[in-house]
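Now for the letters of each chain:
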Amino acid sequence: MQTNEKHIKEPLFHITKRTDISTLKAWIIRLIAILAALIVSGLVIVVITSYNPIEVYAKMIEGSFGSDRKFFILLQNTAMLLCVSLAVTPAFKMKFWNLGAEGQVLVGGLASAACMFYAKDSLPSWLLIIIMLITSVLSGIIWGVLPAVFKAIWRTNESLFTLMMNYVAIQLVAFFIMVWVPNGSSVMGVINQRSEAGWLPELFGQKYAINIIVVAVLTVIMFVYLHFSKQGYEISVVGESENTARYVGINVKKVIIRTMVISGAICGIAGFLLVSGTNHTVSKELAGGMGFTAIMVSWLAKFEPVMMIFTSMFIIFLQRGAGEIAMTLRLNESVSDIITGIIIFFIIGSEFFINYKINKRASHKEAK
Amino acid sequence: MKKILCAILAVVMVLSFAACGSKDTSSKGEAAKVLTIDEVEKTVAAKMEKVEKDDFKIGLICLHDENSTYDNNFIQALKEVQAELGLKDEQVLIKTNINEDDACYNAAAELVDKGCNIVFADSFGHESYMIQAAKEFKDVQFCHATGTRAQTELVSNYHNAFAAIYEGRYLAGVAAGMKLNEMIEKGEITADKAVIGYVGAFDYAEVVSGMTSFFLGARAICPSATMKVTYTSSWFDIAKEKESALNLINSGCVLISQHADSEGAPKACEEKGVPNVAYNISTIPMGPNTALISSKIDWSVYFKMIINTALEGGTIPTDYCGTMKEGAVKLTELNEKAAAEGTQAKIDEMKAKLESGEVKVFDTKTFTVDGKELTTYTADIVDAGDFVPDSEAIADGQFAESSKRSAPYFAIKYIDGISDL
Chain X
108 MQTNEKHIKE
118 PLFHITKRTD
128 ISTLKAWIIR
138 LIAILAALIV
148 SGLVIVVITS
158 YNPIEVYAKM
168 IEGSFGSDRK
178 FFILLQNTAM
188 LLCVSLAVTP
198 AFKMKFWNLG
208 AEGQVLVGGL
218 ASAACMFYAK
228 DSLPSWLLII
238 IMLITSVLSG
248 IIWGVLPAVF
258 KAIWRTNESL
268 FTLMMNYVAI
278 QLVAFFIMVW
288 VPNGSSVMGV
298 INQRSEAGWL
308 PELFGQKYAI
318 NIIVVAVLTV
328 IMFVYLHFSK
338 QGYEISVVGE
348 SENTARYVGI
358 NVKKVIIRTM
368 VISGAICGIA
378 GFLLVSGTNH
388 TVSKELAGGM
398 GFTAIMVSWL
408 AKFEPVMMIF
418 TSMFIIFLQR
428 GAGEIAMTLR
438 LNESVSDIIT
448 GIIIFFIIGS
458 EFFINYKINK
468 RASHKEAK
Chain E
106 MKKILCAILA
116 VVMVLSFAAC
126 GSKDTSSKGE
136 AAKVLTIDEV
146 EKTVAAKMEK
156 VEKDDFKIGL
166 ICLHDENSTY
176 DNNFIQALKE
186 VQAELGLKDE
196 QVLIKTNINE
206 DDACYNAAAE
216 LVDKGCNIVF
226 ADSFGHESYM
236 IQAAKEFKDV
246 QFCHATGTRA
256 QTELVSNYHN
266 AFAAIYEGRY
276 LAGVAAGMKL
286 NEMIEKGEIT
296 ADKAVIGYVG
306 AFDYAEVVSG
316 MTSFFLGARA
326 ICPSATMKVT
336 YTSSWFDIAK
346 EKESALNLIN
356 SGCVLISQHA
366 DSEGAPKACE
376 EKGVPNVAYN
386 ISTIPMGPNT
396 ALISSKIDWS
406 VYFKMIINTA
416 LEGGTIPTDY
426 CGTMKEGAVK
436 LTELNEKAAA
446 EGTQAKIDEM
456 KAKLESGEVK
466 VFDTKTFTVD
476 GKELTTYTAD
486 IVDAGDFVPD
496 SEAIADGQFA
506 ESSKRSAPYF
516 AIKYIDGISD
526 L
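Here the protein sequences come in this chain order: X and E. Going by our numbering, the letters in the first sequence line up with residues 108 to 475, in that order. Going by our numbering, the letters in the second sequence line up with residues 106 to 526, in that order.
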């Protein structure tokens, strides 16, 4: 290689892969990216709205931390996004492209809502909640494991399959709302608003407390599972190379199916929490695109459950900030979507500089 | 271990189904008497203490943003009132893109935290969450458009509002009828081909009431008119609304109207050169050659009323229905370029007749259902979540729309002359 290069005309820049970048250096690059993103979006703000960008950023921060209520909403939304992200992570680590978290959450939520709707206050609330949890988890598993079985046995394309399962789930929700609410409005409304049957209770005076705690526990479990269990290791090996996995005696089919059972189950839990703990209703918008945002959360965090706490919170922070500036500055939310887009673009872009080094011709020669 | 778990699961499932089953039969066995709207206990609205103008704040919660004609209608009306009353931007807080779930409760609560005296939400699905907030924040008035439960919920600071939009739809129908007549006179179509296409969001009473009154207005002018309806199953879906309008046009509809909130249908009409009658806002900018006229609820009338109630002290009505007379129901500017000659005069004439009571929109003499005149109809006016019809809606020879409750309850799908695509 080295000898060849001497005879070939060298380009001004060339790119080499970094293998030994320190964590500190990686984080400095990321920080620079965020700063650059803030500067660029600041310019955009000035050009298209003529507001002071500092004021806009201050409002964004206020949107998440302006009051106790806002802070708990931030935590709650983060917890739900994190929950879905935890669900997709093992599958993605295995290079199983599960784009169906949206549908898996929806059927989970639908199952919970069905239990609440049919049981009403005929059961003790704790029993109803347990039944809801079980049915939601089972529904999530069914939605997750179907594409996995087809993939494992018949090598079908899991991205398409999981994606299409989303539409089936959406239509199922629409169908059941039509059955339950025959007035044609397609609005389920709060289920059991008077009896509050099947609602997760408040804890420490906080209605989202249980959601947040459940997801925190799930995060720890997922961290341990991926890093310290044999199954977690198998997932990594299958993700790196299925042939290697087969060679060392891992049953790849079993791992694929088992991992999607876990993925679907956690989505089911997310659906349950959204219905029982948060909304007390079901609608086509229950998952609200989280199934897809979760993919970004998971990738940005490099499939690290602990890092995902920060990436999911960051994305929710941007969303909440967007809503706040739309209200207080009367800017259309599209403006904040543009800002969010710029920031995420820079963060993803920074990964390039972490993984690769750009070498100038001159410095290259010196190095030799 | 796994087997034990499975066994437990199975037992729990069976128990749960058994439990559901038994509950169903017992609730059916009770067969409680269904109370009519006049018999149920009604909410008594709370009196509002006077608020100093500088301390006053109002919050508006919208399902979508300005891109939706429906939400834009609320936003523009509130901004208009803000300018007229000289309120500052910090006093008029508008939250957009708020889903019909817990996000609505949170939005309402955050607006209360910001110091709002009145919180208003614009979408039907916001209702449960507005009631939840109203129960929690007793000192704040919660107002909600298109809702059905304020009269009977017994929450004194919770209010519903809507308007007699069926009158506006009827007059918009008159413009459509004039256009159809013009087409027949010019020989573009024969009288039996005067088919209107209607893009509805859902087959919900608000939509059914609107399309029926629109159709009755058109047929009052063009007696041979018929109408075909198709639904998008969404309040806001540009692509679907456009596609639905094109489907209607391709199947022979010569004029389109819609009750869905995007510019999809008007734009499809402009492309195809088919006349369009719209709702919420004037669509002349989107369809300069085809947009005829729009009917709309002018929410500034209601906003002004509730804000003045707050500034002077007083009571917001529990269930308010704005009328055409007070300016709450309006027609937007007529597009002379596209409309038939004499349309404005005809509209003015019919409007005067509506106001004098000479013409009634849902006059039972003017339409039939399954070939028969409608002499009795029980509507679901008391919204107890049971979807059981409870109250007689036919009175004085007409379907008394919005007289017992502001939110429409004309849910007869369909009267003769209207059919599914």
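Source of the hints: derived by calculation from the structure; they are not laboratory data. Keep in mind that this is a model prediction, so the values were computed, not measured. A virtual CB, placed ideally from N, CA and C, is assigned to each residue, including glycine. Warning: the hint list may mix true and false statements.
Partial pick of chain E residues on the chain X-facing surface, computed with a CB cut under 8 Å [said to hold, decoys possible]:
id	residue
1	Gln181
2	Glu185
3	Gln187
4	Glu189
5	Lys200
6	Glu205
Against the structure, the hints come out as follows:
no.	hint	in the structure
1	Gln181	violated (13 Å)
2	Glu185	violated (14 Å)
3	Gln187	violated (11 Å)
4	Glu189	violated (18 Å)
5	Lys200	holds (5 Å)
6	Glu205	holds (6 Å)
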